[in-house]
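Protein chains: 4
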Amino acid sequence: MNTFGTKFRLSTFGESHGVAIGGVIDGIPAGIKVNMSFIQSELDRRRPGGKYATSRKESDKIEILSGIYDGFTTGCPIGFIVANTSQHSKDYDNIKDLFRPGHADYTYFAKFGIRDHRGGGRSSARESVARVAGGAFAGLLLREFNIDIQSCVRQIGDIKADKIDFEFANSSEIFWADEATEESAKELILNTKNSNDSLGASVLTIIKNAPAGLGEVLYNKLDAALASAMMGINGVKGVEIGDGISVANMLGSQNNDYMDKSGFITNHCGGILGGISNGSDIVIKSYFKPTPSIFKAQPTLNLNGDETICQLRGRHDPCIGVRGSVVATAMARLVIADMLLLNATSNLNNLKRIYR
Amino acid sequence: MNTFGTKFRLSTFGESHGVAIGGVIDGIPAGIKVNMSFIQSELDRRRPGGKYATSRKESDKIEILSGIYDGFTTGCPIGFIVANTSQHSKDYDNIKDLFRPGHADYTYFAKFGIRDHRGGGRSSARESVARVAGGAFAGLLLREFNIDIQSCVRQIGDIKADKIDFEFANSSEIFWADEATEESAKELILNTKNSNDSLGASVLTIIKNAPAGLGEVLYNKLDAALASAMMGINGVKGVEIGDGISVANMLGSQNNDYMDKSGFITNHCGGILGGISNGSDIVIKSYFKPTPSIFKAQPTLNLNGDETICQLRGRHDPCIGVRGSVVATAMARLVIADMLLLNATSNLNNLKRIYR
Amino acid sequence: MNTFGTKFRLSTFGESHGVAIGGVIDGIPAGIKVNMSFIQSELDRRRPGGKYATSRKESDKIEILSGIYDGFTTGCPIGFIVANTSQHSKDYDNIKDLFRPGHADYTYFAKFGIRDHRGGGRSSARESVARVAGGAFAGLLLREFNIDIQSCVRQIGDIKADKIDFEFANSSEIFWADEATEESAKELILNTKNSNDSLGASVLTIIKNAPAGLGEVLYNKLDAALASAMMGINGVKGVEIGDGISVANMLGSQNNDYMDKSGFITNHCGGILGGISNGSDIVIKSYFKPTPSIFKAQPTLNLNGDETICQLRGRHDPCIGVRGSVVATAMARLVIADMLLLNATSNLNNLKRIYR
Amino acid sequence: MNTFGTKFRLSTFGESHGVAIGGVIDGIPAGIKVNMSFIQSELDRRRPGGKYATSRKESDKIEILSGIYDGFTTGCPIGFIVANTSQHSKDYDNIKDLFRPGHADYTYFAKFGIRDHRGGGRSSARESVARVAGGAFAGLLLREFNIDIQSCVRQIGDIKADKIDFEFANSSEIFWADEATEESAKELILNTKNSNDSLGASVLTIIKNAPAGLGEVLYNKLDAALASAMMGINGVKGVEIGDGISVANMLGSQNNDYMDKSGFITNHCGGILGGISNGSDIVIKSYFKPTPSIFKAQPTLNLNGDETICQLRGRHDPCIGVRGSVVATAMARLVIADMLLLNATSNLNNLKRIYR
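Chains as they are written, first to last, in the working numbering: chain A, 375 to 730; chain B, 375 to 730; chain C, 375 to 730; chain D, 375 to 730.
One should not assume that every hint holds.
Where chains are identical, the list cannot tell them apart; a pair therefore holds if satisfied intra-copy or between any two copies.
[To be verified] Quick list of in silico lysine to aspartate or glutamate cross-link-like pairs, EDC-like style, CA-CA up to 20 Å:
#  : residue 1 : residue 2
1  : K635      : D680
2  : K567      : E556
3  : K407      : D522
4  : K582      : E541
5  : K635      : E681
6  : K431      : E547
7  : K464      : D444
8  : K470      : D634
9  : K726      : D536
10 : K635      : D471
11 : K470      : D444
12 : K670      : D634
13 : K726      : D522
14 : K431      : D465
Calculated directly from the structure, the hints in this document are not laboratory data.
Whenever a hint applies, use it, and build me the whole structure from the sequences.
See the structure below:
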């Protein structure tokens, strides 16, 4: 359904060309000071615009409808909306009756027998504005516990970042991890865009200072929840935790993380053992497919099942992984906030601290 | 928690050295003919034993406690247990007070402040016997709709299968996909075992004949659910759908799957678009870390925080990915059965077929 | 949390004196024709105003934000808001620091350590505007299956309706079931209001034409779900199904409903046996306490724990059960819609009708 | 489905004449000392036998399969079974093809198209053995916080207890609240049984020492959860909280509970305001219908839709409310345990006490 999380829950609604994208955050504890400029700044990071993203112009100002009183969360649900103001639905008239390749058009139609084709409707990446807003509120909670989550782009097409510099990435227009190769990455994006094509990308997300013990036994493990969160972002086709797929070619003696008095000496496991955080950095890599919306002519079917050619118009990101990195941070925040609440009652000692 | 799925639900319980592993299957439709020899044969495939697995001897006979009457499911929950008969808990006495590297010992202790150390307790891969049983019941449902799910091992250490032959894999003792390299793979396993070390692996799972339309909008997408299912299997550190991580280095024009009258011409997306099945084969790759239980001396901490050496005894698989492939099939079955039920009410036409 | 239902789900947000009350309806099947004037008319029935309700003036116009395209539901979540326009928050300044008797002030404060005191915040009956909107959408679904749900007021204070006439109740300003006693009931309301006091009430809800088979085994029984729905309405303190509390003084031979070829001859069970609908009318009675907001001076405590006097201002219904009857219909609709979807997959025959 | 609760969850399985009744308790915090004789004694209270209950003989010994180590809960799920040993399935042969009046036979058949008729299958009150076991474990948690829950029988047929004496009720064979009328109540039971009929009853449940703040905003309110729990017990047709249905005939000035420095002076609300506990005793009344299994000849239909006569054999309680009182305590314990866990994260202060 359209709800993410178990105890810290985000429910979202809205289509790309509808009135608004919105959401409801339920389960957020009372008493958190709400820094609205932080919330808005997170939305601004994700906001369309600039040379490397779609040219759709949206101010993406969030309007809070409930759940905050006198600057603090009340423990009641936070309803919010972000208006859609720059829909060019006419751009989509010519694809009303066909299935865009690489998109959810065919599958939504198969499922529902009806679809809002304008801008992709609900399947549009524009929905992620609600994820980012929800993630920002989760971030407010995590800050109270000094838990910090950041993401950066580490690969675009065949260019890989040689080092990971989150400080640089935060100021990079494309959230690129490595100053040395930022220009080549930008150039690749523009060149590909000019050739009417698009690019895939890889995003690194790191969660710092999460306490040991997060993750539920046995089917809501922390790694399973993170994999679900990341694979559920539009366009993600692969997820790795820690050493990821390279573990298939490692020996146990190489992959095991040993401990000394200072804690874990290595972090092959990416901060998660047995589905539960071990106190090390939690390390997640997500792989985004190239934007399916490209301006080349593409063979497809129409609603009648006839072969036809899809010739897109509209405004699209040349590389969805770039802004996807902001969404990855948001999803990781939602997962950790949820796990923080779920874990609170894992043992009697915790409970006794509350009900004393 | 210990429940997997939303509408077709498996709840499990049990520790490696407890009385039994068991589970409850809830939401299974009434009227399915129950082929008990199929259920048992699935458990037998996962069963320990043989040169390439742990030498723990378990008959793993399933006992059904409820939910079946006169050979058919009744729509009421199916309770089942599989007795533990071959616990050698003494083998674990020497690790009672320390944290085994690569295991959940440290994290369970951090979470609960207590742990059943015998055989890893609840975190043991032995729990997967309940997953396989649950998956087998899901398989009974899927068979009614001709949906078929199979897994094979395609990589062990540095040996990769050059081709994928499920028929061969089904008869291979190590579920290996390619007759040409099976012997080398087996040899690698034995050699690594003899050197007191262990191996990682990669498993391929293919779902055939799933109808288009499976997967929920927007946070219980089919790919997100599969990623959660696979990443939640003990030892899995990476999951790919379709082209997986290689999408980061593809162009949109390469990655989009075009359609002609026969349907989708290619399957880069691995059968899932916008989180919903498109009728193509659903293709999932999971990557298993090497068994953390190895017989080398390993540095770690004890419960007091002192540095010590972990010297394991007990019986362990040299490559958990091998039997993990059986679990991968089970988890995929559980996901597809759940999605089949969830999707049943996605549109009014479906409902009208039922309540007419 | 703030979500009602399992498969047909309503999540709501909003406080009495906040920007808006709103909600998200998730799980509604695609393809339902949306009759917006029906939706609005349901809100109008619940709307404040008139002599027998609070004098708060709200137009209660619903704004749909998503989930409907071209006049039909799309299967995606329906987001909606109803603006608050007539808050007189100043009326509540004098109760900011004290606990109003009979209200949730004390308990919210105990739970959250903070409360939005204006108009009762989230605990206000104004939230029910979202329930009524959600229930109206559920009603659209139920109409497709000719399921009809109605409520009326059958008792106010010591006046009881001698007969049940839903047609009359629908046109009665106080939803009263019996033309013969409507005037006395109205008079009682006004007299009590003038004496600064308030009245309790009893509401009858009848569900007609629900198919047999609705209700889940074993902890989401239809009667349990209805009891939860009704007891969860503000002010309800008792719920009966069928013969209700009088069963304590019946013999089995009196209470059992016998069948002949025409079906069930009697309906002591109120349409539910073993938690599942039997095809008879489903009969529910709810008992509303008198409005806690009265204009008499009442002893209470302030936030410091000192004794003080509560002297209310503001605008309040003299009998919350009257408008509560509209909410009762809404909640019953939500329950039945949910059960209709949940039951769709109860047996293999149903499923085969869908996936054929 | 077959799971009760959100965070403290009981999933049950099993039919009256199947191998066993069982359950899984998930979410119970680690570190609770398990007093097995308390658990068994609760099952013994519910156990069939004696003059005033069914003559089915069951030892009802509970077998724990998992989740306890060294006498303490581990935080992992507790699996348990209670064997069925005294099935007389032959007693039910003659009702295999007909619908017993007042039972779930017709509705299960309508829902599933199949039913296990032996002893009522899953719909039998024998399932409550799992509820009582689950409730007993919840009780272990509640004891850690001095929360005490008790039930007694306050009405059987037309005999009402004049006073409520829980101490006496605990030692009464029929859990009757009032020594003065116990003999008459017993006599009424025997006489009614001898005339082949059965009796309804009313049960009072009181929860003492629950902290203020329990109950979720806004659709998992404490009163809604309790109403669902009680109405979900086999045979319950009415539930009241506090003053219950009599509130319909009260004035606001009579029904409001005022506070002075000692706390709430009265308890009309039954310990719940706005769906959240206020620290007063929580007071619930449940009304049980007479046992539907009576030995008179009763008209009904068979599976072919033909009119026939139902002539029951088997062993049945003459008044299900008597043993139902034990189940009521169990359900209340499950609700309060769940709410205790859910409420733990309601505000930031609570969380900070845990993660400090």
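Right, here's what the structure says about each hint:
| no. | hint | verdict |
| --- | --- | --- |
| 1 | K635 <-> D680 | between (68 Å within a copy, 7 Å between copies) |
| 2 | K567 <-> E556 | within (17 Å within a copy, 46 Å between copies) |
| 3 | K407 <-> D522 | within (17 Å within a copy, 37 Å between copies) |
| 4 | K582 <-> E541 | within (14 Å within a copy, 46 Å between copies) |
| 5 | K635 <-> E681 | between (66 Å within a copy, 6 Å between copies) |
| 6 | K431 <-> E547 | within (16 Å within a copy, 50 Å between copies) |
| 7 | K464 <-> D444 | between (43 Å within a copy, 15 Å between copies) |
| 8 | K470 <-> D634 | between (62 Å within a copy, 18 Å between copies) |
| 9 | K726 <-> D536 | neither (48 Å within a copy, 39 Å between copies) |
| 10 | K635 <-> D471 | between (64 Å within a copy, 16 Å between copies) |
| 11 | K470 <-> D444 | between (46 Å within a copy, 13 Å between copies) |
| 12 | K670 <-> D634 | between (57 Å within a copy, 17 Å between copies) |
| 13 | K726 <-> D522 | between (28 Å within a copy, 17 Å between copies) |
| 14 | K431 <-> D465 | within (15 Å within a copy, 43 Å between copies) |
Of the hints listed earlier, the one the structure fails to meet is number 9.
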